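The listed protein sequences derive, respectively, from chains R and U.
Residue 9 in the numbering used here sits at position 9 of the first sequence, with consecutive numbering throughout.
Residue 52 in the numbering used here sits at position 52 of the second sequence, with consecutive numbering throughout.
Hints in this document: simulated from the structure, not taken from any laboratory.
Warning: the hint list may mix true and false statements.
Calculated cross-link-like contacts (lysine to any residue; reagent style SDA-like; alpha-carbon spacing at most 20 Å) [said to hold, decoys possible]:
| # | chain 1 | residue 1 | chain 2 | residue 2 |
| --- | --- | --- | --- | --- |
| 1 | U | Lys44 | R | Asn24 |
| 2 | U | Lys44 | R | Ala1 |
| 3 | U | Lys57 | R | Tyr100 |
| 4 | R | Lys49 | U | Pro96 |
| 5 | U | Lys44 | R | Glu88 |
What follows is a list of derived Cβ distance ranges for each label pair [to be verified]:
| # | chain 1 | residue 1 | chain 2 | residue 2 | range |
| --- | --- | --- | --- | --- | --- |
| 6 | U | Thr70 | R | Tyr39 | 28 to 38 Å |
| 7 | R | Gln45 | U | Gln22 | 17 to 27 Å |
| 8 | R | Ser98 | U | Asn28 | 14 to 24 Å |
| 9 | U | Asn62 | R | Thr5 | 21 to 31 Å |
Here are a few chain U residues that face chain R, going by a calculated C-beta distance under 7 Å [said to hold, decoys possible]:
| # | residue |
| --- | --- |
| 10 | Gly40 |
| 11 | Met41 |
| 12 | Gly42 |
| 13 | Leu43 |
| 14 | Tyr48 |
| 15 | Pro96 |
| 16 | Glu103 |
| 17 | Ala104 |
| 18 | Phe106 |
| 19 | Gly107 |
| 20 | Gln108 |
| 21 | Gly109 |
| 22 | Leu112 |
All of these numbers come straight from a predicted model, not from anything done at the bench.
Idealized CB from N, CA, C, for every residue including glycine.
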Amino acid sequence: AQSVTQLDSQVPVFEEAPVELRCNYSSSVSVYLFWYVQYPNQGLQLLLKYLSGSTLVKGINGFEAEFNKSQTSFHLRKPSVHISDTAEYFCAVSVMDSSYKLIFGSGTRLLVRP
Amino acid sequence: NAGVTQTPKFRILKIGQSMTLQCTQDMNHNYMYWYRQDPGMGLKLIYYSVGAGITDKGEVPNGYNVSRSTTEDFPLRLELAAPSQTSVYFCASSYPWDRLNTEAFFGQGTRLTVV
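Bound conformation, chain R alone (with noise of 0.2 Å):
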């Protein structure tokens, strides 16, 4: 069976710092791995996802997220964060069999501070 574990409920961070949010999963196949943001009263949307190849994904709004196979993680970072990016982000990993679901994290909160 597959799980994901994010380690922090919420993430308080100054505005133009840096931030990582953390994220590692429990599998024994092949996953596909995603990162989706939550807007507040809205639905989810994709930042980023791995699926093969360089393990540094590039995604949308400056995020970018890196694929350690060895330590089942794939945190999530952003070099310097805007109020714009609080949000609750979710951490997630496509199962490869038949359903193709996706099993979530708990979330982790964003709250950018001016």
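Assemble the complex: chain R is given as a structure, and chain U must be docked to it using the hints.
Using the frame of chain R, we list chain U on its own:
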């Protein structure tokens, strides 16, 4: 480009009432999913469908039913609403065989309160 559309956006139900949450997508995706989101719990899969006429249970299917008569529509039915079903419900669709573009597209959600 509508993507995934959910209706209604908000609904208050009384215990024991029934309702159907509607979901439709215009991307010709084979795969569709229903998730519920509870505070601090992430999203949990309720049901999914790999194509018209084919549905299967997810992690938390009790109290819900689904059908998939067309590629576009995937309604979720609550037969006897209970307070434990108070949640935000998201519908999603995907086309996983296109590796370069594989991702799930989500609707805006339905916020359901059962009182």
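Going down the list of hints, with the structure as the test:
no. : hint                           : result
1   : U:Lys44 to R:Asn24             : holds (18 Å)
2   : U:Lys44 to R:Ala1              : holds (14 Å)
3   : U:Lys57 to R:Tyr100            : holds (13 Å)
4   : R:Lys49 to U:Pro96             : holds (13 Å)
5   : U:Lys44 to R:Glu88             : holds (16 Å)
6   : U:Thr70 to R:Tyr39: 28 to 38 Å : holds (31 Å)
7   : R:Gln45 to U:Gln22: 17 to 27 Å : holds (21 Å)
8   : R:Ser98 to U:Asn28: 14 to 24 Å : holds (19 Å)
9   : U:Asn62 to R:Thr5: 21 to 31 Å  : holds (25 Å)
10  : Gly40                          : holds (6 Å)
11  : Met41                          : holds (6 Å)
12  : Gly42                          : holds (4 Å)
13  : Leu43                          : holds (4 Å)
14  : Tyr48                          : holds (6 Å)
15  : Pro96                          : holds (4 Å)
16  : Glu103                         : holds (5 Å)
17  : Ala104                         : holds (6 Å)
18  : Phe106                         : holds (4 Å)
19  : Gly107                         : holds (6 Å)
20  : Gln108                         : holds (5 Å)
21  : Gly109                         : holds (5 Å)
22  : Leu112                         : violated (14 Å)
The structure is inconsistent with hint 22 alone, although it conforms to all the rest.
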